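Participant: The primary structure of each chain is shown beneath.
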Amino acid sequence: MAEKMTTFVWRHSARDQMLMLVLTLCSFPIIWISLELPKRIINDAIDGQDFPRELWSFSLGQTDYLIALCAAYLAAITANNAIKYVQNMHRGILGERMLRRMRFDLFRRVMGRPLSRLRSTSPGELVQMISAELAPIGDFIGAIIATPISQGGSFLVYLAFILAQNTYIGLAALALYPVQAWLIPKLQAKVVAMIRDRLANIRAMAREIDESIDAATELRGLRARRWHMAIVSRQLYDNYQIRRRIFILKFLIKFVNNVANHLTPFFIFLIGGYFVIQGKLNIGALTAVLIAYKDLAAPWKELLRFYQDYSDMSARYTSIMENFDEDGEPESLLDRAPVGDHALELKEAPVDGFPAPVSCHAPKGAMTAVVCEDANSRSALLQAMSGLVDDAPRRWSAATPVLYRAAVYVPADPRVFTGSIRSNLLHGLMFQPVERVDNPERVLRGREAQLTGAPEDDTEDNWIDAQEAGYDDLDAVETRMLDLVRRLGMEDDLYMVGLGCRLDMTRQAPLADKLLELRGSIAADPDLAEMRRDFIDVFDADSYAPNASLADNLFFGLPRDPQLRWADFADDRAVQRALDEAGVKVMLVEVGLDLCDTLISLFEGVAADSDLFKRYGLFPRAETPAVEAILRKSKQRGPARLNRSEQARMMGIAFSYCSARYRLGVMRESERVEALLAARPAVRAALKDDPRFAPFDADAYHPAMSIADNIFFGPTRVERRDSWQPFKEKVDALVEERGLRGLILRAGVDQRLGENGIALNALQRRKLGLARALIKHPSAIVLDGLAMSDSGPDQALRALIRDEMDGGAVIWGAASEQGAAQADHVIRVDANGHVSQGCGPASGSDAGSGGVDGGSDAG
Amino acid sequence: MKFEAEVNALQRTPMFQGVDPSRLRLLAFMGEDRTFRDGELIVRQGETSDSAYLILSGKADVIVEFGGSSSVVAQLGQSEVFGEMAMLCETPRTATVRATGELRTLLFEREGMLRLLREFPEMAIEMSRSLAQRLERTTMELARMRAGSSADASSGA
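Residue numbers (UniProt numbering), protein chains in the order written: chain A, 1 to 859; chain B, 1 to 157.
Quick list of in silico lysine to aspartate or glutamate cross-link-like pairs, EDC-like style, CA-CA up to 16 Å:
| id | chain 1 | residue 1 | chain 2 | residue 2 |
| --- | --- | --- | --- | --- |
| 1 | B | K2 | A | E669 |
| 2 | A | K614 | B | E119 |
| 3 | B | K2 | A | E604 |
| 4 | B | K2 | A | D597 |
Short derived list, chain B residues pointing at chain A, Cβ under 10 Å:
| id | residue |
| --- | --- |
| 5 | D20 |
| 6 | T35 |
| 7 | F120 |
Per the computed footprint, the stretches of chain B lying under chain A, defined by three or more beta-carbons under 8 Å from a beta-carbon of chain A, are:
| id | stretch |
| --- | --- |
| 8 | 25–34 |
| 9 | 37–51 |
| 10 | 105–115 |
Everything labelled a hint here was simulated from the structure, so no lab data went into it. Bear in mind that the values here come from a model prediction, so they are computed numbers and not experimental data. Even glycine gets a Cβ: it sits at the ideal position worked out from N, Cα and C.
Model the full assembly from the supplied sequences, consistent with the hints where possible.
Facilitator: Laid out in structure tokens, this is it:
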């Protein structure tokens, strides 16, 4: 990127800036016309004589002439504003495009940094620079040429006019501009220096915040939270101080400017008055000068502001770009892997933590162990062998030219990306787009990318080349994905995830139908139906399910939006009206009151900050005082006197109550249950057509329930939850029998994982990382930190991986010789970082016979 | 009074004897109903699980498997608690418990129990007192058995 902002702007937007300039120049004559016309209308049309006038061979009377001039005036104003509109729009679009270009370019450079440098990059600082700091620059550079030209142009026009009236007065009017032009840049330079301080300060703060969150566990473990908060607090203070000084200077500049502007009329009056008295100037000209001078102030102010913004923005720009000076143009992405004689080979490659360049190899199709006691050096070597090394084309080679299949590095704690299990598993196949989707939106995105120097790669394109990845087609990839999930022992977990997810009814209606059939078969089978009655509180239109919430029972349905619970509708007008008309509103409020009363007395003596209440209560502990106030009010004046929001609050609490779980007896044996059941038909009828809710129907798949809930059609009975395994197993067998298991697994694969896969445990993450690697059909797999010993499970895992690799090489890091017992080839790193290699574990520690390639590499 | 039956049952168990009834009421609220039919297993020996059970009604057999054979070593009845070892110490279950006839229990999760103990330390003191008494009894029993067996051995020699 260019060193100076102006160079950058010129390089990438010269054409657009010129267009802006032309638009600006076009506006000058129009402005002149719009100033000229009113004068004509008054002097010529209203006050004038000699009618009719000839205008473009038309003969016009006075009124017609007036109308014509007024129409022309209207047209001039419209044209002037139209140009302004086009100009503003163009400026905005240009600014946004330049901003996108700057942002993407910076991100591209960061992505291209060597890993060693990237590790020391603070994400917080980068985010701050790329998002917040660049934003105002984009806005500014849209009109970097047009603004000074248009404002400067107007300034010059007015100036010329004043000088034309009388040179001395003109000079008097100009007297203070040189003073301003000298003083203001001096002050502004100080402001610029402070702007740079401020940016550095904010960045430091971003880095601190980033670090505090990243290291939250250790920070709390060290009990240093207060210290870190003090650091940020101090940075905020420094920021305040810098800003304060900037304000002072900025307003000082404004003050100087204002005083100078107001001093000028003093000179005009003095000198102009003197000339008038002397008879060298008429009074009309003096008035004209004063008016022109007033008009001169606006463009001058704009010019000054432009100057301030300009110095601010170029300071920002330089301060951001300084951080990327070292980057230069990133190395272009490798397309093909360099092919060598071995599965993987390093030739004189520099590796972090090793005293000398390393040469070693892993033979094709062999089991290779890298024995190194030091975990960091081991990781560094394994990463280098996977091709994650500087100057890879010369230092590293693999067995296949297809880069993403050449080698895959699998750490013990792999990163799980935000998205679904599917997107995580297929991540390693997303090497480059292979087929463009063709739609107008895509074309538009492509064009925009071209305009801003971004690659045309689009996330909507097809990125997976099944053939190149070693599959017949995309279906085969899909099959292999589930196959790996099964072989690595993730299937049961995935099945559970699948059972818990909601189907997208627009895409998965056939599966929904099959699940509905399954529900029917369970009910029809005498054995299963008996078990279902025992373990499941089946939803039935005529009875109350104590294992479901009160609201599920009352409305006999669920909100369609998975984010919303019934309690969120307690304040909804349609819902309240339905409940009121069904005659249960007051009773619901009473249930809520009873619940709160009971809960508060149960938790009496529990500390306010206890998490007991959070886990077992029905409302947040912080709301206890508010709830107590409602209880008092209702005791004094009766529940009917509570206001709307208080009633809604109580109803919301009542909605969540599940009698089998809480057993608080607020249903008064069956009295209130009967009342709720009696109200159910009316409530259902009232909300029947409300698209926000989906009613339960024994003969329909429920869009808001999970797959499991749809199969069982009711909650598990709390009291039988520990014994329902046999029933579940029978149903699982039925699912399998009907070929639904695969479909449920696929639904599970599509389920979104939490941020960074937070829902997965360490073992699941590890399996996911391994599956993600194996699905690439790599010619070599490099295991760092897993399957590293000669224990039974590790051996079994290596055997499984070897099996799945189908003739590919397996390389694993081992901490000791024992871990290399099963290896065909061993690479050893001694305590001094010297690398030697030999075949098999028996050949001892030195490079020996056979498959030694290049001998030992003593460094 | 809510949870009366549960609180009564809890009060009869040695572990909760000295604990304030209002705390027991909260404990009962935090528990969950679990019902088992004749022959169903409540806990399995060797399994890791972290909940304890209070028998509200019915009976259960305690079965210990050793060397391939299993035998009933005790029978539990109303107001008896089992599984508390696994709950407090996170050890695998030391025995299997099987319902004989319809069995109603109240289940306590480790997490909730620990929170409650943190909240009311006096409850923890009461519980440790009763556990210590039990340990003392067991130790004495063991000593008696050892004395008995050594007496047997010496008499046999």
